[in-house]
Amino acid sequence: MKSYRKELWFNVPTRRAFINITPRVMEALRESGIQEGLCLVNAMHITASVFINDDESGLHRDYEDWLEDLAPHEPIEQYSHNRTGEDNADAHLKRQVMGREVIVAITEGRLDFGPWEQIFYGEFDGRRRKRVLVKIIGE
Amino acid sequence: MKSYRKELWFNVPTRRAFINITPRVMEALRESGIQEGLCLVNAMHITASVFINDDESGLHRDYEDWLEDLAPHEPIEQYSHNRTGEDNADAHLKRQVMGREVIVAITEGRLDFGPWEQIFYGEFDGRRRKRVLVKIIGE
Amino acid sequence: MKSYRKELWFNVPTRRAFINITPRVMEALRESGIQEGLCLVNAMHITASVFINDDESGLHRDYEDWLEDLAPHEPIEQYSHNRTGEDNADAHLKRQVMGREVIVAITEGRLDFGPWEQIFYGEFDGRRRKRVLVKIIGE
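Residue numbers (my numbering), protein chains in the order written: chain Y, 2 to 140; chain X, 2 to 140; chain S, 2 to 140.
Hints are not guaranteed to be accurate.
Identical copies look the same in the list; a pair holds intra-copy or inter-copy alike.
As the list claims (entries may be wrong) - Calculated lysine to any residue pairs in the SDA-like style (CA-CA distance at most 25 Å, straight line):
1) K7 with I77
2) K3 with E37
3) K7 with T108
4) K3 with M27
Calculated from the structure, these hints are not laboratory results.
Chain Y on its own, in the form it takes in the complex:
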């Protein structure tokens, strides 16, 4: 069994953003040399997500509006967590809806994807350096 590990770094200039990281995960897979196995891609921070969906800007606006409706940023006093001096409680909630991680099958050295699957980093509390972990096991 082989394993490969890589960190992807982000410094999103806005509070929230969705970034297509598929090319960077594909690059990690090539570096690993693994042909058959599983690829874990997870946010290493608890106010961010990794998820798979469509690379369509209208949909990303819909996600933004919908998540803001489900877990509004303001008023920040509505959240107990923000009494610690934080203002990011909503980001911890939004990340649960979108998820922490994805697992992608590796088949014949490729990400084994359906026709429209793309991997996204979902940032909900940006403006600082944060990381995503790629861990691939197989052979």
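The hints should help you fit chains X and S onto chain Y, whose structure is shown.
Just chains X and S now, with coordinates in the frame of chain Y:
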């Protein structure tokens, strides 16, 4: 390390449905011959889910009503994504709540399940051919 | 390839609770002797979650309030599932938001975590014995 890959195909005649795919995943596991490992089951389409919960029709009605309340299909104009000519933005949202994939432990050649766990395909934009990927690694 | 399996048992005295299980997962990892691989941690019951987030009591109150708002326990008659004699339909819904499972990378014999990641058992229908499965594969 062994690996096994199988696609399960669906053509759901309605827009939305929940289908118990546990027997089909068990069949894939038998075909694989794998005794110890991990089994990934994921929707290959971004308007569908794979999730684990109870095979109880009342609960499935509750999921349907609840998801429609969280992310209504209509009015379709409320979603930016639908300006591309689609009418399935709500399906992309519903799928995030229910999830893209599950990972099931394989122990002694069986799906290592608790007493009521069953695997479902959740269709949110049916009436066409769509796929689920089963990928098993182990030995 | 090595594999290791362990069940963690819970008997939460209240209906709902969040319990930090990171030390118990770390103990299972030590017992496994696995240095590189993947660790699956999943609820074996369909009214409970395993998720990764912050060990901060204010945030846990926020999760409790938010989930109760998204999927209220009462009135219990609002759910078709509860006509079976159950009163836990809301727990099946809450668990979908928080998720069934997490996968954690194992690197150099450690849970490969970001700075604040902790693993929680989320109970939404307690007051009875329930289990979490830890399955580790690697070498």
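**Q.** Structure versus earlier hints - violations, ascending order
**A.** Of the numbered hints given earlier, the structure breaks just one, which is hint 1.
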